[in-house]
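Visitor: Residues per chain, in single letters:
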Amino acid sequence: MNLYSYFFVACVSAFCFLMGTEAVAQETHVDPIIIKAERNILLRSFIDLDGGKRVTHAISVGSPLKVHYTYDADNGQLVLLWKGEFLDATPMWHDRGDGSSRPIGKAIQTGDATPQIQRLATQQSEFKKDTTGSGFKPKGYTLDASGLPKFKYQTYGLNIKDATKVIDGGQGIRREIEPEGSADDLYLCLARANAIEQKDGKYVIADKAYSITVADEATLKPIIRTIQSAQELLVPFKSKIIYSILFNQ
Amino acid sequence: MTFILLSITCFAQAESPKEDDYFKIMKVSAPEGAILEVGGLCTLPNSDLGVTTRRGDVFIVKNPSSLKPTFQKFASGLHEVLGLAYKNGSFYCVQRGELTKMTDTDNDGVADDFETIYAWPLSGNYHEYSFGPKLAADGSFFVTLNLGFPPAWWNPKSLVPWRGWALRIFEDGRIEPWAAGMRSPCGISMIDDQLFYTDNQGDWVGSGSIMQVKKGAFMGHPSSLVWTNLPQSPLKLTTEQFFAKNQTKMIYDSNGNSVKPENDVNEKAVTEFDMKKNFPELQLPAVWLPHGILGISNSEIVKIPPGSFGPFAGQLLVGDQGQSMISRVFMEKVNGEYQGAAWPFRSGFQSGIVRLAWGKDGSLFAGETNRGWGSAGEATEGIQRLVWNNKIPFEMLSIKAMPDGFEIEFTQPVDKKYALDLASYSVESFIYKYHSVYGSPPVNSQKCNVKGVHVSADGRTARILVANLRKGYIHNITLDGIRSQENYYSLVHPTAYYTLNNIPEGKILSLAEVSTRNSSSIKTLPRGQSGSSLSGKKTLAAKIPTYDQVKGLLAKNTCLACHNAEKRQVGPSFKEISTKKYTVEELISLIYTPKPEHWLDYSTPMPPMSNVPKDEVTKIATWIKSLNK
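Residue numbers (my numbering), protein chains in the order written: chain L, 767 to 1015; chain F, 7 to 635.
Since the hints were derived computationally from the structure, they do not count as laboratory data. Just so we're clear, the structure is a prediction, and the values are computed from it rather than from any experiment. Be a bit skeptical, because a hint or two may be false.
Stated by the list, open to error - In the SDA-like style, the derived pairs of lysine to any residue whose C-alpha atoms are separated by at most 25 Å in a straight line are: (1) L:K916 / F:K422; (2) L:K903 / F:V520; (3) F:K163 / L:D814; (4) L:K905 / F:L141; (5) F:K422 / F:V520.
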C-alpha cells in the first residue's frame, strides 16, 4: 500500500468514523500525480510540517540537481529541505483534493513556520510565533532566466529579498537574504534545534542531519543561544547575509 | 415543396427546433496532453484568451476561435487558480491564498514577476477556495472566499477572516471587507460595474440564484458573521442576533459534535423573504435558478454584449458545473431592486462549466472542469465555445412583472389563436426554505389562475392577468400551448421562472380589455415537441413502469439533473442505486430524506426531495427497484 492509498483509506476511515458507520474502507487504486524537477520548477500548495502544522502559503522549489526546498511566504522562512525526487501532488490534484502536496522522501524540517527575521529587545528575548507587530507583508517573487525565484517581503519597514540556490554538487543550498536599508535590533534565525554544535567551521544541527556555514562569519559574529530548552543560531541582521545549509550525509 | 413539408409538419406535430438548432457547441482544440481544468478565463484586448487552471497553470491562447488555436504557457506552479483578470498589461489571478499580479517584464511571453497584491489568511481547509478577481470601474478588485468544510460538512465554517466574505482589494494592497454571508461563491461576476454572484445550494442556500452584492450586505449564510466584530467590517449583524431570530436546527450531540440536520416536512417553512423582515441587511436573490432545473452548482454570470446572440443581447447567461449547462436571465428593477426571469438556454456541454468569457468574435467561451464533483458532461476538463448561427429561436424574450400579472415578450410573433386562449398558459408559484438543512425541496406551492390575456397587435407580447401573485415567490410560467405565427413552432423553452421580489404599481387591466377564452374544458391542447406519451393505454399493464413511463416524472421532479439510468453523473446511476436492494418503501424514504453517508464515493450530497408527490415517488421507486435483476 502506497502513500495515496493510505491517504484515501485515512480519509474514508475518518469519514466513516464521523458518520458513525462501520463501512469497510475499500482500497482504490489512484494513479499518483508526481511532479518532477527536470528544470527549475516551482509549485505552490499547502505543505504539512511534522507535528501537524499546515503551511498555507507554501512555495516549493525543485531543482534538476535533486535538492528541493519549501518556503513559507507567510513568514519568510525556509521550512523544508530534501534530496531526491520533488513533489507528490496527488493529495491536491486527485478528486477534489485537499490543497496539499508533499515532498517525495524524507524532508528535513529547517523551519517551524515562524518569521525568520525578528526584532529582539535583548539577546534574551524570545522569538515570536507569528508576524504580529512586524508589519510583515509578502510581496511575491521574481523569476530569473533559469526559473529560480527571488522572494520579496516587507518586515519592520524594510524590503527584504530572499534567494536560494542549490549548490552545484547537490551538497545543500546557499541562501542570500538582503535588506534594503537597515533597522535596529533585527536578527535572522538560521536554525532552532535541540542542540547546535560549532565544529570544524560549521554549525552542526545535531538532531537534524544538517550543518550551517555562514559567509563572512568573523564580521557577522553568529550567536548560539539557549532559550526555552532549545538552541538557536542567530545573526544580527544589518546587511546582506549569506549562509549555506549542507546535508550531513 | 415547402407547402407540403409545412403541412406534414403541422399534421404530424413533428419536432419544433431545439437549442442546438441555434446555438452550436464548438471545441477549442488543446495541445496534446494539456490538462485544462479551467478555473479562470478572460479575454484580452488583442482577442487572445487567458486561461487559468486548477493545476496552477496560466495559458495565453492565440486565435482561440480558430480551428488551430495556439497555447502559450504564461505561468505555472500557482495554487489552484480560480480566476483571471487583465489590467494595464498585467494579469491578476486569484490563488487559494492571495491576489497575484503577473507581469512579463522582458517580453518573452512568460511571466517573470509575481507580485502579491494581498495575501489573506487560510486555515488550510480543503474547501477554502478563492475566486476572482473581478475588476471594478475604479481599477480595484473583488474576490470571494469560500467557507471551509470541516468533517461535519453540513456545517461549514469561517475558520479565519474573511472566509465567506467578498473583499475589495486595492492595487496598493489595502482591503475593504465588502459583504458577508457567502457559502460557496464560485460565481463571482461583474455586471455593468456592479458586483453580482451565484452561490451553491447547501445549508442556508435552498437553491442557486443570482444575487447583487452591495457593500455591507449579508448574503444569507451565517457562518461568516463571526468576523462582523472586526473593525473593518461594514456589517454589524452578529451570529447571536442571527440565531436569536432563527428557530432552525443546529443540533449538537452530548459530546458537542454537530449532528446533520434533516428536513422536517411538517414544519412551517421559513423563507429568506420572511427572514428579511428581521434582518434588513439580508440580500434576497434577484433571480432564483431553481435547483435541478437551471443548474445544481451555478457558476459565472456574464452579460451578453451588444451584437451577440441576436435578440438576447443585454441579458445574462449563467454557467452551471453539475448540469454542464447555461441558463439565460432577464433582469429588471422594481422598487429599486433587481428581479426577473430565468430559462434554460443551452445544455450538452462536455464537462462542468465554471467560467464564461466573451470572445471578440461574439462567441462565448466556456471553461470547464468537473474533478471532484462530477457533471452531466462526462469529460473531466476543457474549453468549449458557444456560437450562434444567426437564426432567431422562438423563445420568451423577456418577462416583466405587472401589477396584476406578467407581460411576456416573444422573439417572434405568436399565433393569436393560441395566444388568446387561456389554456395556453399555466402559472404556479413556490419557494425554498431558509434553514440549516442541506438544500430545500420547493415548498408552499400554489396554482395561480390565469384570468385573462391581452396580446399586442403585432403578436409579440402577451400580458397575462394572474391571480394569487405572491411577493418573494418564484412563479413558474409555462406556455406549452403557445405557437409561433410563422411556422407553428412551440417555444424552445416553454417554462420560465420569475422571481417576484416586488410587485410594481401601475395600471391594472380590466377583464373587458382581455381575452378570457379557455379551450381547456373543450379539448386537449396540441402537444409540442415532447408530448408523445402513450401511458394512457398501458395503465392496465404491469405494475412496474418502464423507463419511458417514468422518464417524464424523473425530468419533472429534477431527478435527471444528477442521475442517469445507466451512468454515473453527479450522483449514482439508478441502476447502481438498485443494486443496494432497497425496498420501495426504503427508496421513497431515501428520496424524501437522503442519506449521503450511503454513498461515500460521491461528493455532492442530495437535497431532500419531499416535493415529489406520493403517487409519482412510488412509481419512481418501483421502477428503480426493478432495475436490479
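Visitor: Are there hints from earlier that the structure breaks, and if so, what are their numbers?
Guide: Numbers 1, 2, in rising order.
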